[in-house]
Amino acid sequence: MSLGYGAGVGDEDSLDLADKSGPFSTAGFFRSRRGSDRKTVTFGDSSAVRSAPLWSLFSLIAMLLLWWVTTTAWGMPEPWASMDVSDSERITLCNKDDACGRDAYTQLASPLTFPSIRDTWNAFGTLFDEGFANDTLWAHTAASLWRVIRGMFWGIVFGVPIGFAMGLSSRARGFFDTPVELLRPIPPLALLPLFILIFGIGDGTAMRLLIFASIWIMIIAARSGVQTANLSKVRAAYSLGASKWQVLRRVLLPNALPELFTGIRVALGVSWGTLVAAELVGAREGLGAMIFAARPFFRLDVVVAGIIVIAILGVVMDLLLRFLESRLIPWRGKG
Amino acid sequence: MKQLSVQGVEMVYEVPRGEPVHALSNVTFDLEAGRLLTLLGPSGCGKTTLLNILAGFLAPTGGSVTLGGDPITGPGQERGMVFQQGALFEWLTVEKNIAFGPAMNKADKDETSARVQELLEVVGLRGFGDKMVYELSGGMQQRVALARCLANDPDVILMDEPLGALDALTREKMQSLILDLWRETGKTIILVTHSVEEALYLGDQLFVMAPRPGRVERTYELPFAAKAADVDAREMKASPEFIEKREEILSLIWEMEEEIMGRGEVA
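Chains C and R are the protein sequences, given in the same order. Start counting at 1 in the first sequence, then tack on 107, and there's your number in my numbering. Start counting at 1 in the second sequence, then tack on 604, and there's your number in my numbering.
These aren't lab readings, by the way, just hints derived from the structure by calculation. Cβ coordinates follow ideal geometry from the N, Cα and C atoms, glycine included. Among these hints, one or two may not hold up.
[What the hints assert, rightly or not] Straight line, CA to CA, 25 Å or less: simulated SDA-like cross-link-like pairs of lysine to any residue:
hint, chain 1, residue 1, chain 2, residue 2
1, C, Lys340, R, Arg775
2, C, Lys340, R, Lys713
3, R, Lys700, C, Arg439
4, R, Lys606, R, Asp674
5, C, Lys340, R, Lys700
6, R, Lys700, R, Gln689
[What the hints assert, rightly or not] Computed spacing ranges between beta-carbons, pair by pair:
hint, chain 1, residue 1, chain 2, residue 2, range
7, C, Ile419, R, Gln689, 39 to 47 Å
8, R, Leu773, C, Gly151, 32 to 40 Å
9, C, Leu426, R, Gly672, 57 to 65 Å
[Claimed, not checked] Reference excerpt, derived from the structure (chain R facing chain C, CB under 7 Å, subset only):
hint, residue
10, Pro679
11, Gly690
12, Glu694
13, Trp695
Please build the complete structure, drawing on both the sequences and the hints.
Below you can see the structure in the form of structure tokens.
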């Protein structure tokens, strides 16, 4: 009797559970993981696709693991011992055929083709403390950043007024269309040899190349920023007594800010990519110069450390610009 | 207050490889100061073109337009404009939007801010001055547009389908607001609309316009706007005289539409 009663209760419980989780159990499961909406169509609905941080973390770990396996774990245990060999020794070691051969054989990527995680980590320590190619990592980074900032600055200073003129006057449009359309598709690096011949090797050449990299992007951004101005806004401003100058300063400029910001983000990406290559031959300090100086000495740890700094800085600058954008242009996309 | 005078206005658009489009043909009327004129008609009848000519955004190909004797050659702050939507400056707060006109004239800051507060009150947006315009609903945005226009104290207010993008309920409320403003300020208002009911209810004068060529087909003097202060809006719109006028104008517009369709078939 008591047992039967108990079983009955149990049955009711399980019935309840079945009711709650019956046809909606899987939906409820996904809902709790995907947010509060109950959309049944998500494949093709961009608002239903979010970034999954867990997967980003997973891919980062996978990349590090791949690095570790190819440079360190492959052919254990010998590589562990070779880790502590100094660079000069490694080069001498490699001159002896057997040592070099063993190294290459036991590791998928030997220290001579790709540095291990530990080597790279150690390289960071050395780069911060002693530096490489006459400067510390800080100084190289600062030199690169400063160069990019100056290049972008002049790119904006020259590009935005030209773009505005093209958006505001048929004559300016006609006049600038030819050079802009002809010069824009040229990859900046294709001009590097020419720039070096004209301006010589040095800081100024790299900066001029960066101006060339960013100016076309800024011109196009400013032009389209002016062109996307709603005619009603412009007419309203004139009806409220604004002069041409006031329309430019109070309506067209703020209206173009979102486009200009997009331009700056794109131009920064291109400049950053152009910069390192430009520094390889055109400068004595900077991340690109550092990488290039490390190559002849087989300091691949320094090369990879430099590459990592470039990658991280690229991401940080983009995040910074996005943050600035959300602060400075809160009206973006709400016009 | 100044009288608006439109004499024999013509507007012909040249079309490449095609017959010129006669957007306006011999439009002539005088509008006394302080009247509320509504322009109604099927699409293509040139009502927005006429409004743009009055605002000074377009120069007519013939005829003359004067306000208080002065010819209209370009936009000016004695003629304020309210657009359907998208004409507010979304990078400015509600207050700064309203203060835009006075700021362009370098008006006294304290005076302007007092005026802005007053206007916020008038259009029913007290306490919303610090909001960004994109935080407001469509109806509230049009209230800001009205206030911004009034801040310059224009002689004539031109409205291009100002309530066209609003939902039905908000629209009725805004109609009352426009009538209240008209009564209180005594401004001359010209309002373009697609809605027969709106044209009848708001206008103390109504032009029904016809297309090809765009022209004023018929003019009405209307009693409803003047009575709006004493009679409830729904009651007015449900009254027999209102309905009679509404059906009359609707059938007139339908005739025009059918004529256009008929011509279309022949062509």
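Q) Going by Cβ atoms only, is Gly690 (chain R) closer than 7 Å to chain C? A) At 5 Å from the nearest chain C Cβ, Gly690 (chain R) passes the 7 Å test, so the hint holds.
Q: For the pair we were handed, Lys340 (chain C) and Arg775 (chain R), check the Cα-Cα distance against 25 Å.
A: 22 Å, holds
Q | Whether the CB-CB distance between Leu426 (chain C) and Gly672 (chain R) falls inside 57 to 65 Å | A | 58 Å, holds
**Q.** Interface hint outcome for Trp695 (chain R) [beta carbon to chain C under 7 Å]
**A.** For Trp695 (chain R), the interface hint holds, since the closest Cβ of chain C sits about 4 Å away, which is under 7 Å.
Q) CB of Leu773 (chain R) to CB of Gly151 (chain C), is that within 32 to 40 Å? A) 35 Å, holds
Q. Holds or violated: are the alpha carbons of Lys700 (chain R) and Gln689 (chain R) at most 25 Å from each other?
A. It holds: about 18 Å lies between the C-alpha atoms, which stays within 25 Å.
Q. Taking only the CA atoms, is the gap from Lys700 (chain R) to Arg439 (chain C) under or equal to 25 Å?
A. This hinted pair holds, its Cα atoms lying about 18 Å apart.
Q.
Holds or violated: Lys340 (chain C) and Lys700 (chain R), Cα atoms, limit 25 Å.
A. This hinted pair holds, its Cα atoms lying about 15 Å apart.
(Q) Hint Glu694 (chain R) vs chain C: min CB-CB distance below 7 Å? (A) 4 Å, holds
Q. CB of Ile419 (chain C) to CB of Gln689 (chain R), is that within 39 to 47 Å?
A. 44 Å, holds
Q. Going straight from one Cα to the other, do Lys340 (chain C) and Lys713 (chain R) come out at no more than 25 Å?
A. 23 Å, holds
Q | Hint consistency between Lys606 (chain R) and Asp674 (chain R) [alpha-carbon to alpha-carbon, up to 25 Å] | A | Answer holds: Lys606 (chain R) to Asp674 (chain R) is near 10 Å, not above 25 Å.
Comparing the model with each earlier hint shows no violations; every hint is respected.
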